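Spelled out, the chains give:
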Amino acid sequence: MKSKESCLLCQIVADKIPSYKVYEDDLTLAVLDVNGANPGHCFVIPKNHYPILEQVPDNELSNSFIVANKISSAIFEVLKVQGTNIFVRNGIPAGQIVAHFMINVIPRRENDNINLQLTPKQLSEEEMSTVELKLKEQLKGKGVEKTQRVQKSAAESHKQEPITDDEDNYFMRQLRRIP
Amino acid sequence: MAEQQMSEEQLKALQEKIKQMSPEELKEFQKKQCIFCQIVSGNVQSKKVYEDEHVLAILDINPSNPGHLLVMPKEHYSIMPQIPNEEIEHIFLAVKMLSNASLRALEVQGSNVLVANGVTAGQRAQHFMVHLIPRKDNDNLVFELPQKTIPEKQLLEIAEKLAKNLGSRHEKKEPVQIPQIPKQKEIIEAEFDESAPGKKPASEEPEKKTIKSMPKTKNPPKKNDIDLDDIAKMFGAK
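Protein chains in written order, with the numbering used here: chain A, 1449 to 1627; chain B, 428 to 665.
Watch out, some of these pointers could steer you wrong.
Distance condition first, Cα-Cα at most 20 Å in a straight line; then the derived EDC-like pairs of lysine to aspartate or glutamate [what the hints assert, rightly or not]:
id	chain 1	residue 1	chain 2	residue 2
1	A	1590	B	478
2	B	501	A	1525
3	B	475	A	1585
Just a sample of chain B residues kept apart from chain A, beta carbon distances all over 10 Å, derived [said to hold, decoys possible]:
id	residue
4	434
5	435
6	436
7	437
8	536
FYI, nobody ran anything at the bench for these hints, they're computed from the structure.
Every value quoted in this text rests on a predicted model; they were computed, and no experiment measured them.
All C-beta atoms, glycine included, are put in the ideal place defined by N, C-alpha and C.
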């Protein structure tokens, strides 16, 4: 059994390994990646140890993504970058390298050598339909359960400032660039 | 996405028009132009696999892998920072459910979740969406995150600025010796050493700076169907 003791990220949570923490609440921790893909690359992790996404309880998972969104906004504002990626590698074939669920928040600039390009594959109409049917079958009767929206560490500890539609707003300017 | 061929003149006129628009007008304009809003409303056909009050998940017509899903809020948001927390919560709980379903239904062993905010990050649609891409070994899909060496001074500066912006305190300490995150191979061996020997990814170059998905081999090893529990076991969980 791999336990918390051997998990690098659990040791960061426990402060046994020093790190550059940028955000912390009851459930979630966000840390600068010292070997980031770009300066400002952060990873957001639930404090509890769960290897893969599917194992993270709903409240901890949603808190982590809310934090990731906040980090992404902060990166836009502080680092004046042109974009951010939110990226999860879930499972070994997906490139996951640490057995502790993690959300990467990556600042993006032009020509930064990061490849998160989505390259399309040619699938036949039949393949598409088969996949569609399989997924629908699997999802039958399933739905997102209304969670008890009480456990809102991130939401409550940090007042949410809605993005204003101010002319000079960075996001609005970015918006205009989207084709 | 919804790119039509326009003459240079038309394009210029349109750009000029957009520049003149107030933010409200711009939003309205984008909504009308948005193919994904049309998909949500059913005006444009799509392969829907999941739908509820807030969220729609459809198969990407240009999939990176079979089962590549686009998970989007029904409401039009251009970028993630505009989305209220409740919506973020709902969207990503849907992603979790859908990832779980594709692990089971499509016999894959992983997934990538990807959001692109801004053109530089690869955003191509004006409607916020999450890409959920099922992954299996040797699927010829490569994402590369270089590992850059970032000077300690810069790290400290960024950490302070971000922490301040996020309303959290970053305790200023003397620059500490940060242990290098082990390179890919070491981590894999440390974390996954209980997986069956055959499942260990063969990375011949331990010093490789970039993290690739899987080395391409001509004869992919035959794998049995893997369910969520098996995947968890690969990580040494219950």
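Could you tell me which of the hints above the structure violates, numbers in ascending order?
2, 8
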